[in-house]
Amino acid sequence: MLGQNEQGIKKRMEGRVLLNKILMVLFFLATTVGLVFLVLLFYRVLTQGIGYLNWNFITSFPAPYPEKAGLWAGVMGSIFLMLIVAVFAVIVGVSTAIYLEEYAKQNKFTDFIRVNIQNLAGVPSIVFGLLGLTFFVYMFNFGYTLIAGGLTMALLILPVIVVSAQEAIRSVPSEIKEASYGMGASKWQTIARVILPASIPGILTGTIIALSRAIGETAPLIIVGAATAIFTLPDSLLAKYTVMPIQIYNWTGRPQEEWQYVAGAGIIVLLAILLLMNSIAVIIRNKYQRRL
Amino acid sequence: MNETIEQQKKTANVKIESKSTDKKQKNTEGRHVFEVEDLNLWYGSDQALYEVSMNVPEQQVTAIIGPSGCGKSTFLKTLNRMVEMVPIVKTSGDIKYRNQNIFGNNFQQEYLRTKVGMVFQKPNPFPKSVYDNVAYGPRIHGIKDKKTLDQIVEKSLKGAAIWDELKDRLDENAYGLSGGQQQRVCIARALAVEPDVILMDEPTSALDPISTAKVEELVQELKKKYSIIIVTHNMQQAARISDKTAFFLNGELVEFAETDDLFQNPRDKRTEDYITGRFG
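Heads up: the sequence lines are chains A and B, in that order. Numbering of the first sequence is given in UniProt numbering, commencing with residue 1 and proceeding in unit increments. Numbering of the second sequence is given in UniProt numbering, commencing with residue 1 and proceeding in unit increments.
It is possible that part of the hints are untrue.
Straight-line C-alpha distance at most 25 Å; calculated DSS-like pairs for lysine-lysine [to be verified]:
| id | chain 1 | residue 1 | chain 2 | residue 2 |
| --- | --- | --- | --- | --- |
| 1 | A | LYS287 | B | LYS128 |
| 2 | A | LYS177 | B | LYS128 |
| 3 | A | LYS108 | B | LYS90 |
| 4 | A | LYS105 | B | LYS90 |
| 5 | B | LYS269 | A | LYS177 |
| 6 | B | LYS167 | B | LYS155 |
| 7 | A | LYS187 | B | LYS115 |
| 8 | A | LYS187 | B | LYS122 |
| 9 | B | LYS96 | B | LYS223 |
| 10 | A | LYS187 | B | LYS90 |
| 11 | B | LYS167 | A | LYS187 |
| 12 | A | LYS177 | B | LYS144 |
| 13 | B | LYS158 | B | LYS223 |
| 14 | B | LYS128 | B | LYS158 |
| 15 | B | LYS225 | B | LYS115 |
| 16 | B | LYS128 | A | LYS187 |
Hint data in this document are derived by calculation from the structure and do not stem from the laboratory. If you're wondering where the values come from, they're calculated on a predicted model, not measured in any experiment.
Required output: the full structure, derived from the provided sequences and hints.
Now the structure itself:
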């Protein structure tokens with residue numbers, strides 16, 4: 001049957017092969033667009049900031065002169081903030097995922113909750129800032145403090161943590177769950193001894209990626225009142241605080257050119273911390289995949 | 001349905017006939033671990049089991065055979081209520097485990113599954129050490145003492161005829177064992193809970209012939225202490241290792257009889273067609 005159409009098949013063959021080659025080039029170009037801009041960004045930031053980047057810059061408090069200004073308040077503020085965020089978001093997020101995946105009955109209502117959690121992950125961060133301002137700053141009367149910022153950011157990344165924990169829990173093979181139930185284990189025993197240990201790498205990876213999103217966020221923290229310049233480290237949950245992106249944002253807004261370089265140095269530190277966090281996530285994921 | 005009841009009567013007759021010939025059955029004759037009556041089961045709107053009634057004898061091997069999709073695994077999983085892990089399952093009828101209604105409101109699934117252990121089709125060890133695998137059951141039931149656990153692990157692995165192979169490798173991850181070893185570790189894990197009944201869902205279908213032979217030998221050993229119900233798609237296996245055999249077809253229990261009788265003198269035409277290889 002093919003023999004009769006051989007002429008036609010040959011003719012179309014060239015067209016198909018050509019189309020494949022053209023598309024391959026287009027896809028490659030699309031890939032380079034992203035890469036080129038990333039390289040440009042790194043180049044600009046590095047050339048501008050490297051001159052101001054030294055140990056003093058990292059360990060100094062803000063100062064009125066570019067040569068003396070430092071990121072220390074921001075670095076420590078970001079670390080404290082992330083600790084609060086991690087504690088709240090992981091406890092609430094993982095509990096939610098456990099409930100939705102293991103306890104909740106599969107019905108329209110839980111479907112509705114699931115879809116909305118995924119939608120929440122797409123809500124602009126500024127909206128979470130307004131939420132935090134209304135609830136944590138005013139209603140709970142925390143004021144412009146570390147805890148208000150931390151809880152706001154925890155809400156921001158909560159949906160991401162819930163979704164990634166749900167996926168991790170769902171990927172635990174049902175065979176080993178059955179093995180546990182088959183010996184008379186209760187649901188909680190099975191969750192604690194089989195499901196969570198098997199899904200912790202996935203949960204950790206999701207958490208670190210969510211945290212690295214939060215550590216770069218600026219908008220919601222401006223709204224819930226992170227300070228632009230403070231000269232002490234936060235010593236309690238109700239202390240004033242600042243974070244790296246806010247300090248960087250503040251420096252970029254100043255008219256003198258030197259401050260742009262200081263901002264560049266700040267961006268390098270922020271990027272380095274981000275890369276470090278993402279690498280940890282990748283390492284955990286690889287280790288986990290090898291083992292299975 | 002009428003037919004099924006007829007089969008039951010015939011089965012009863014067979015039982016009486018065979019009583020005098022089979023010495024081993026004498027002391028246990030008449031005692032049942034499970035009494036199933038008019039069991040129907042649906043997955044959503046698809047009915048998977050129709051009016052199944054059968055009594056499972058104590059300390060014997062009961063084989064369940066039938067073609068794929070005939071409901072034999074579903075039936076097995078109903079006995080320890082694992083079938084309910086599929087949320088859309090509905091059942092009607094009665095199952096009594098040692099005279100207790102397993103669907104009763106006061107009857108706990110956890111208790112049932114402690115008494116009725118299960119070995120699955122695919123070896124499913126936990127990604128833990130051999131020791132932790134076998135100690136899992138005792139631990140969830142609250143045993144913490146290291147010495148007691150050591151004893152249980154040794155006894156269970158011996159019971160599953162794998163102690164000699166693994167006694168120096170107890171700390172190794174069970175995932176590194178061969179399929180046959182994994183399956184026997186899973187059997188040891190089930191034994192560690194000291195169940196009364198062991199359900200086996202095609203336990204050798206993922207194993208090579210040598211491992212299969214070892215598991216079959218083990219089943220013969222285990223029936224001295226436990227009542228065993230084994231689903232198998234392999235009729236020779238059923239003939240080799242079981243005392244009684246049930247033949248399922250399209251969700252119905254077609255025939256349930258002494259294994260020798262069922263294979264040599266099937267009473268139902270469909271059983272005969274199946275065991276002579278005319279379909280399935």
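| Taken at face value, is the distance from the CA of LYS155 of chain B to the CA of LYS167 of chain B at most 25 Å? | OK: LYS167 of chain B and LYS155 of chain B at ~11 Å, within 25 Å.
| request: Assess, step by step, whether the Cα of LYS128 of chain B is no farther than 25 Å from the Cα of LYS158 of chain B, and give holds or violated. | output: holds, 19 Å
| task | Quickly compare the C-alpha distance for LYS105 of chain A and LYS90 of chain B to 25 Å and report which way the hint goes. | result | Measuring from Cα to Cα gives roughly 15 Å; hence the hint holds.
| Taken at face value, is the distance from the CA of LYS128 of chain B to the CA of LYS287 of chain A at most 25 Å? | holds, 16 Å
| task | Compare the distance between the alpha carbons of LYS177 of chain A and LYS144 of chain B with 25 Å, and conclude whether the hinted pair is satisfied. | result | holds, 22 Å
| request: Take a quick look at whether LYS187 of chain A and LYS122 of chain B sit within 25 Å of each other, Cα to Cα. | output: It holds: about 22 Å lies between the C-alpha atoms, which stays within 25 Å.
| query | Hey, LYS187 of chain A versus LYS115 of chain B, does the alpha-carbon distance stay inside 25 Å? | reply | holds, 17 Å
| message | Next pair to validate is LYS225 of chain B with LYS115 of chain B; report whether the Cα-Cα distance is within 25 Å. | response | holds, 13 Å
| message | Need the status of pair LYS96 of chain B, LYS223 of chain B: alpha-carbon distance at most 25 Å? | response | holds, 21 Å
| query | Is the hinted pair LYS158 of chain B and LYS223 of chain B satisfied, with a Cα-Cα distance of at most 25 Å? | reply | holds, 15 Å
| request: Would you mind confirming whether the straight-line C-alpha gap from LYS108 of chain A to LYS90 of chain B stays at or under 25 Å? | output: holds, 19 Å
| Is LYS128 of chain B close enough to LYS187 of chain A, meaning Cα to Cα at most 25 Å? | holds, 19 Å
Checked against the numbered hints given earlier, the structure breaks hints 5 and 11 and satisfies all the rest.
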